[in-house]
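Asks: Can you build the whole structure from these sequences, using the hints too?
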Amino acid sequence: MRDALRLKDVSAYYGRAQILHGVSLEVGAGEVVCLLGLNGMGKTTTLRTIMGLVERIEGQISLNGTPLAGPTHRRSRLGVTLVPEDRKVFPTLTVEENMMVAAKPGASGSDLTRERILALFPRLEERLGQKGGTLSGGEQQMLVMARAMLSNPKYLLLDEPTEGLSPTYVEAIRDGILAARACGIGVLLVEQSLPLARSVGDSFLVIENGEIRFHVAQSTVEGDPGTLERMLTIEEGV
Amino acid sequence: MLISLTLKGRALGAEGPGEGIVLALSLALNGLVLGSILLLFSLGLTLIYGVGRIVNFAHGALFSAGALAGAWIASSGHSFWIALVAAPLLIGAVGLVLDWAVLARIRDRPMVDSLLLTFGLALLITGVLYQMGGRNLTMLQPPQGLRGTLTLGTLSLPTYRIFVSALAVAAVAALLFFLKNSNWGLRIRAANDDPEMGACLGIDRESLMHSVVALGAALAALAGVAAAPIFTAYATVGDKILILAFMTVILGGLGSLRGAVVAAYVVGMIIVFGEGYLGGQVALMLLFGMMMAMLIRWPRGFFGEGRTE
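Read top to bottom, the protein sequences are chains A and B.
Reminder that position 147 of the first sequence reads as 147 in our numbering, one-by-one numbering, no gaps.
Reminder that position 49 of the second sequence reads as 287 in our numbering, one-by-one numbering, no gaps.
The hints are simulated quantities; they were obtained by calculation from the structure and are not laboratory data.
Be aware that a few hints might be false.
[What the hints assert, rightly or not] Derived PhoX-like pairs: lysine-lysine, alpha-carbon spacing no greater than 25 Å straight-line:
no.: 1; chain 1: B; residue 1: LYS418; chain 2: A; residue 2: LYS131
no.: 2; chain 1: A; residue 1: LYS154; chain 2: A; residue 2: LYS8
no.: 3; chain 1: B; residue 1: LYS418; chain 2: A; residue 2: LYS88
Replies: Okay, structure coming up:
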C-alpha cells in the first residue's frame, strides 16, 4: 500500500451536530489534493478532524499506515501540520521565533531547510526580528506557510491559504505549495480560488453537506477546465 | 479590607525637613515593594491563564500556603534563607500535583468550570491551612542583616523592603530571560499566544501546563514567604493579594506578560500613594474605577495584546 494520509468513513460532530458524514479520502506523498465546496459544507471541519480538533470523531484516519489518533500535538509529531484559515501567527513572537518554535528534531534531514524556505519567502528574511502580529496579512500568511513547512511535515493541511491576498502573495503561496510537493510532502488544500487549485492540484474532491460528492482527476480538469465550476454550480443548485 | 496589606507609607521617614519629598520617596519605595510582590504573584496567574485558559482562584491560597510554609519551616529551627527556598519548592510541587490531578481534568471546558473548580480548591487549601494552625498570625523574622534601615540623607529606608524589591525584580528578570532565551520559554510564549496552534505544531500543552502551574505556584509561594515579614503569615493572607493581582492582570491584559509587569507597579503605586495622600478606601475606589474603565474601553490591557473571551 502506498504512503498516504487516509480517511476512511470518517464522521465528526460538534456537540450533537454531525458535520461530516462518512468522509473517505486519500492524499499520497508528494500529491496535492484540493478539497472544494461551498461555505459551510465541511471543508474546514475535515482538516480540523484530521488534527483532532473536533469534539467527537468516528471512523479511521491513518498516516502512512499508522493510526492518526490522540491529542493534536501527537498527531502533529507524527507528521501532519495545519495552516489554519485565520492564519494564527504567534503575535508576540518574532518572525524568527515563529519559525523556530515549529522546527522539529529531524527537520535538518528535510529538503525544506530554513534557507530554502526564506528563499521562497524573501519578505520574511527582511522581517526576522519583527513581531508576528505586526506583519501585513500577506506576510502573516507567508509566515504560517513557512512555519508549517519547517515543522518537517509529511502532510500539510492548508485551509484557504490565499484568501484575501494580493496576486503577489498568491504567487508566493503557490510556489510554496509546489515546493512542498516537490519535496514529497502530501498537501490537502482547501481553496476557493479555482485557478489556483487547477494550477497545483493532482486531484480534486467536492464536498457537500459533509459528504464527498465528486472525485475528479487532474486529467479530466485539463481536458475540460470548466468541470470544477460546473460541479460547484450543481452543488449550489441542490 | 485591603488597607492592612499596604505598607503604611506615612510611617516611614516622613519626619524632619523636606517632609513632603521624604514622604513621596518613602511611598515610592513602598509602592515598589507592593508592586514587586504583586508582579511575582501575577506572572504565575498570567501564565496559567495564557497557556491553560484557567482563571486560577486558588492562586491566593498558594500565596498563603507559601507564607505559612516559610514561617513554619523557620519556626522549626531552620534559617530564613532555607525557608525562602524550601517553601516555593514545596508549594511548586503542590501546584504540579494540583494540575496533574485536578486542573488537567477540565482542560478546554468552559471558563466557568475552571472558575468554580479553582474557587473550590482555594476553599479546600484554606481549610487545610486552618487545620494545620494557619488561623493564627505567624511571624517570620527576616535575617539579622536585613532588619535595620538604610539611611540616605534624610530618608530612612527599611532594608528588608529594599531586599524584597530586589529579590522580586531579580526573580522576574530571571524568569523573563528564561522565557525569552530557552526552548521551554519559547514554547510557553507560543502556547500563551495560541494554545491550539501550538498543539498543531507539536507543543504538548499538558506537560507544559504542569510546569507552568508548578512555576506559578512556586512564584506565588516565593511572594508569600518574602512578604511574610511585612504582612505576617495566616491562612487567608493571600485572599487580599489575589484581588489586587486580578486587577493587575486585567489592567495589563489577560495573558500579556509585559502588561502584567507594568500593571503590577501601577497597582502598587496607586494603592500606596492613594493610601498615603487620600486614604485607603479612596485608593481602592480609584483602582476599581480604573479597572472598570479598562474593561469597558481597553479590554486588551495596556499594550492591547491581552485576550478577551
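Asks: Evaluate each hint against the coordinates.
Replies: Structure-based check of each hint:
1. B:LYS418 - A:LYS131: Holds, at about 13 Å.
2. A:LYS154 - A:LYS8: holds, 19 Å
3. B:LYS418 - A:LYS88: holds, 20 Å
No hint from the list above goes unmet by this structure.
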